[in-house]
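A.B. asks: So you can see what is in the structure, the chains are spelled out below.
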Amino acid sequence: MSIASTSVIQIIPRTRRGVELFLLVIAVGIAVGAYVNIGITAQDGVPASTGLYAAGIGLLALIAHLALRFRAPYADPVILPCAVLLNGLGVAMIHRIDLGLTSIGRTKGVPFAPQQITWTAVGVVLFLAVVIVVRDHRRLQAFTYTLGLVGLVLLVLPLVPGLGVNINGASIWIRVAGMSFQPGEFAKVCLVIFFAGYLVMKKDVLTLAGRRFLGLDLPRARDLGPILVAWLVSLGVLVFESDLGSSLLFFGLFLFLLYVATERAGWLIIGGLLFVAGAYFAYQTFGHVTKRINDWLDPFSIDGGQIAVGLMGQAWGGILGRGLGQGQPHLTLYANSDMIISSFAEELGLTGLIAILLVYTLIIERGLRTALACRDIFGKLIATGLAMSFSLQVFVIVGGVTGLIPLTGLATPFMALGGTSLVANWAIIGLLLRISDQARRPQTPAAPVSDETIAMAVQKA
Amino acid sequence: MSELTLTLIKLGFLALLWMFVLAVLSVIRSDLFGAKVDSRAAAAAVPAAARTPKPAKPVKKRKGLPGSVTIADGPQAGVGATLVEEPVVIGRGSDCQIRLDDDYSSTRHSRLFLSEGQWWVEDLGSTNGTYLDGQRVTRPVPAEIGGSIRIGRTTLNIAK
Numbered sequence: 001m002s003i004a005s006t007s008v009i010q011i012i013p014r015t016r017r018g019v020e021l022f023l024l025v026i027a028v029g030i031a032v033g034a035y036v037n038i039g040i041t042a043q044d045g046v047p048a049s050t051g052l053y054a055a056g057i058g059l060l061a062l063i064a065h066l067a068l069r070f071r072a073p074y075a076d077p078v079i080l081p082c083a084v085l086l087n088g089l090g091v092a093m094i095h096r097i098d099l100g101l102t103s104i105g106r107t108k109g110v111p112f113a114p115q116q117i118t119w120t121a122v123g124v125v126l127f128l129a130v131v132i133v134v135r136d137h138r139r140l141q142a143f144t145y146t147l148g149l150v151g152l153v154l155l156v157l158p159l160v161p162g163l164g165v166n167i168n169g170a171s172i173w174i175r176v177a178g179m180s181f182q183p184g185e186f187a188k189v190c191l192v193i194f195f196a197g198y199l200v201m202k203k204d205v206l207t208l209a210g211r212r213f214l215g216l217d218l219p220r221a222r223d224l225g226p227i228l229v230a231w232l233v234s235l236g237v238l239v240f241e242s243d244l245g246s247s248l249l250f251f252g253l254f255l256f257l258l259y260v261a262t263e264r265a266g267w268l269i270i271g272g273l274l275f276v277a278g279a280y281f282a283y284q285t286f287g288h289v290t291k292r293i294n295d296w297l298d299p300f301s302i303d304g305g306q307i308a309v310g311l312m313g314q315a316w317g318g319i320l321g322r323g324l325g326q327g328q329p330h331l332t333l334y335a336n337s338d339m340i341i342s343s344f345a346e347e348l349g350l351t352g353l354i355a356i357l358l359v360y361t362l363i364i365e366r367g368l369r370t371a372l373a374c375r376d377i378f379g380k381l382i383a384t385g386l387a388m389s390f391s392l393q394v395f396v397i398v399g400g401v402t403g404l405i406p407l408t409g410l411a412t413p414f415m416a417l418g419g420t421s422l423v424a425n426w427a428i429i430g431l432l433l434r435i436s437d438q439a440r441r442p443q444t445p446a447a448p449v450s451d452e453t454i455a456m457a458v459q460k461a
Numbered sequence: 001m002s003e004l005t006l007t008l009i010k011l012g013f014l015a016l017l018w019m020f021v022l023a024v025l026s027v028i029r030s031d032l033f034g035a036k037v038d039s040r041a042a043a044a045a046v047p048a049a050a051r052t053p054k055p056a057k058p059v060k061k062r063k064g065l066p067g068s069v070t071i072a073d074g075p076q077a078g079v080g081a082t083l084v085e086e087p088v089v090i091g092r093g094s095d096c097q098i099r100l101d102d103d104y105s106s107t108r109h110s111r112l113f114l115s116e117g118q119w120w121v122e123d124l125g126s127t128n129g130t131y132l133d134g135q136r137v138t139r140p141v142p143a144e145i146g147g148s149i150r151i152g153r154t155t156l157n158i159a160k
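Those protein sequences? They're chains A and B, same order as listed.
Going by the UniProt record's numbering, the residue at position 147 of the first sequence is 147; the numbering climbs one at a time, nothing skipped.
Going by the UniProt record's numbering, the residue at position 59 of the second sequence is 59; the numbering climbs one at a time, nothing skipped.
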């Protein structure tokens, strides 16, 4: 009996590309619906650009779908429609904020929505590149240390004088050819692959029994090296780049992957203690961290503060929201980037916000599901890492906007205004779908080793 | 635009959004509630199970003792031995009842013998192993009519 036939449930491999197409049609429909809805309520009529917008987003979705149909037929059918929906809703909301900013005369030159559509196109191109070029994610394991180095370089790039620029108190941008990029977004992807490759190699060493203390298997002191390095690097990002969000993201990612790879809760406790120590140290030492925490504890102490206005907007939205185009989300600072979740909460209400969060949850669930189904540890760890980076990012930014935790400047995946983040997220989705294609592809039964092969092997030996 | 229309548009959009979420959930339902069993396959499986109360009975088994073993293919095709009382040794050696011109077989490769009213195939510690119907022979296994033995590159058929 082969291993495959001993499992209780025989999963019949289905490509499910038809289902994906159906969901994509709904997703594009909702995005266009949002655009039209905003036109009707905020511009008194269906905007003339609707056709262009619908054609653009529809075409991009179709191209991505066709790439999967031909290059990754067994990929997960749900991830792409979810990503398209979030991206489309994000563009619609950015367009809505553009209209709002114009109406109060705070417009900054060109509207942002067309920019975001251009970046979506770039993102889909990168998505295609990942799906087509990376035929097998296991090949990436050969680049473990290269990607680790690339990730670190990308991370410190904003500190290079003359290249990095400081925007809004955080030095996480670089300016090349008149455009600013956030290299940290790509560093994230590189580091996930590096962590995965590293942990595949070191998993057994790190799992070696250390001391048992209070019912927990604690690792040996000399195995603490990697986690300390990760901690110091993320603390360095915090100190030198003043970027609370990325620092949290990198450390959290490493900790999660370490836990997943070794299955030892001891790491979580050590990591948690390190995090608390680092956070307390940062709170005591750095002005901008202290300010963030004070804003969180008492958002209404600043008149017209970003969080306070955002919270009022969300409260005004209530359960069902004001309706698209009928709120005042543009009054909040950075309503189209950091605070875009608050803009959605204001216009779509709790009902809409929960739907959006569920769509994020679905992407994360499918990512973890891919990790479960994946047959190699490297792929499992990458899928887990990518899904976790998504969930950490959504948690940190939504938690910050809704006042659960201090607000940190992480981009809301797929929605927030910002080219680099959008493009990087499309690359993540591409990689995730590539792994899921591998994981869901029907396993060709291991060709029975012919007698000749055995015979020849024996003769050689 | 009247207040009612605006409210309807608002609620309609929310409904659309949730419709998408529910559509996705229905697609991945198997993740949440276990894999869906194809109803037709399940329906077909039940009567099939009812018809065969003795599942242990192999289908292809034929009555009667095997009467001969013959090389099926290659230049030696047709060479064989009749199975009567005496054990039959297969291999490259000159003392074998069936002598194989096969570099991948051992001198005394395997043996067929009669015991307890049945013919058995036994591997004689060969280098490359004996396979009966694709399964490696590690201990004596019953040889049935219609079975095929693989020794090195040679296939032998067991016949009546």
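What the hints contain is simulated information worked out from the structure, not anything from laboratory work.
Mixed in with the good hints, there may be bad ones.
Quick list of the computed label-pair ranges, beta carbon to beta carbon [unchecked claim]:
(1) M19(B) <-> P442(A): 26 to 36 Å
(2) A315(A) <-> T7(B): 13 to 23 Å
(3) P161(A) <-> G12(B): 16 to 26 Å
Far from chain B, by Cβ distances over 10 Å, these chain A residues were calculated [said to hold, decoys possible]:
(4) I40
(5) T50
(6) A55
(7) Y74
(8) Y259
(9) Q326
(10) L331
Virtual Cβ for every residue (Gly too), placed ideally from N, Cα, C.
A.B. asks: Compare the structure with each hint and give your call.
C.D. replies: Here is what the structure says about each hint:
no., hint, in the structure
1, M19(B) <-> P442(A): 26 to 36 Å, "holds, 32 Å"
2, A315(A) <-> T7(B): 13 to 23 Å, "holds, 19 Å"
3, P161(A) <-> G12(B): 16 to 26 Å, "violated, 54 Å"
4, I40, "violated, 7 Å"
5, T50, "holds, 15 Å"
6, A55, "holds, 20 Å"
7, Y74, "holds, 15 Å"
8, Y259, "holds, 22 Å"
9, Q326, "violated, 7 Å"
10, L331, "holds, 20 Å"
In summary, the structure is inconsistent with hints 3, 4 and 9 from the numbered list given earlier, while agreeing with the others.
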